[in-house]
Amino acid sequence: MSVIEQTYERLALDEPERRWELHQGVVREKPLMAHGHQHALRRLARTLYIQLDPAEFEVGVNASRVRYAAETFFIPDLFVIPVQQIEFYRGRGAALEVFAEPLPLVVEIWSPSTGDYDIDTKIPMYRTRGDLEIWRVHPFERTLTVWRRQADGGDTESVYNGGTIAPVALPGVTVEIDALFE
1 MSVIEQTYER LALDEPERRW ELHQGVVREK PLMAHGHQHA LRRLARTLYI QLDPAEFEVG
61 VNASRVRYAA ETFFIPDLFV IPVQQIEFYR GRGAALEVFA EPLPLVVEIW SPSTGDYDID
121 TKIPMYRTRG DLEIWRVHPF ERTLTVWRRQ ADGGDTESVY NGGTIAPVAL PGVTVEIDAL
181 FE
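Quick note on numbering: the sequence shown equals residues 1 to 182 in the numbering used here.
Hint data in this document are derived by calculation from the structure and do not stem from the laboratory.
Please note that a few of the clues may not be correct.
Said to hold, decoys possible - Distance ranges between label pairs, derived from CB positions:
no. : residue 1 : residue 2 : range
1   : Glu17     : Thr156    : 35 to 41 Å
2   : Ala100    : Ser158    : 25 to 31 Å
3   : Gly130    : Asp178    : 27 to 33 Å
4   : Ala151    : Pro31     : 33 to 39 Å
5   : Asp178    : Tyr49     : 16 to 22 Å
6   : Thr156    : Arg92     : 36 to 42 Å
7   : Gly130    : Tyr89     : 16 to 22 Å
8   : Gln6      : Arg142    : 41 to 47 Å
9   : Ala151    : Arg90     : 30 to 36 Å
10  : His39     : Gly172    : 23 to 29 Å
11  : Ser158    : Ile4      : 32 to 38 Å
12  : Arg92     : Ser158    : 35 to 41 Å
All values reported here derive from a predicted model rather than from experimental measurement.
Glycine included, each C-beta is placed from N, C-alpha and C at the ideal position.
Model the full structure from these sequences, guided by the hints.
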């Protein structure tokens, strides 16, 4: 573990009430979000909790980190974690939970305070990390932008304005897009 990683981990553990991220070696606090953001986040989290098998997946909401490099750690609004990636942390009560392996689904929800940062900084890094599916939910435009990893390592981008979507790496899961914004 690099000095940057150790310092960041110590900061995040010493101040658990603050949501510290690290971007290219610069510490940044993830800001609080407005109602539209929180509302869509709660609805999506509930939908996933109900449908996912807890023996296979857990849902992280504004807490754990994903690691891009020794100097870059982000806190996604929501992500789905395969249980086998969590096993490392069992019995390590004081460890900062960080996931370096690609995840099946990572979600950022647009907010006035983070919208540009998410689309310009975080989402490109998730795509480079190899996360299988990345969503940007825009509660005010009522859209869902989806990047899906392809077999050749590239990804496709699609924008949805309604209907139902099934995340490719989460068998049996469907999300009613309009329900996120009700």
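Status of each hint after checking the structure:
1. Glu17 x Thr156: 35 to 41 Å: holds (39 Å)
2. Ala100 x Ser158: 25 to 31 Å: holds (27 Å)
3. Gly130 x Asp178: 27 to 33 Å: Between glycine 130 and aspartate 178, where Cβ atoms are some 30 Å apart, the hint holds.
4. Ala151 x Pro31: 33 to 39 Å: holds (37 Å)
5. Asp178 x Tyr49: 16 to 22 Å: holds (19 Å)
6. Thr156 x Arg92: 36 to 42 Å: For arginine 92 against threonine 156, whose Cβ atoms are near 37 Å apart, the range 36 to 42 Å holds.
7. Gly130 x Tyr89: 16 to 22 Å: holds (21 Å)
8. Gln6 x Arg142: 41 to 47 Å: holds (43 Å)
9. Ala151 x Arg90: 30 to 36 Å: This hint holds: roughly 32 Å between Cβ atoms.
10. His39 x Gly172: 23 to 29 Å: Distance hint for histidine 39, glycine 172 holds at roughly 25 Å.
11. Ser158 x Ile4: 32 to 38 Å: With Cβ atoms ~36 Å apart, the hint holds.
12. Arg92 x Ser158: 35 to 41 Å: With a Cβ separation near 38 Å, arginine 92 and serine 158 satisfy 35 to 41 Å, so the hint holds.
The earlier numbered hints are all upheld by this structure, with none contradicted.
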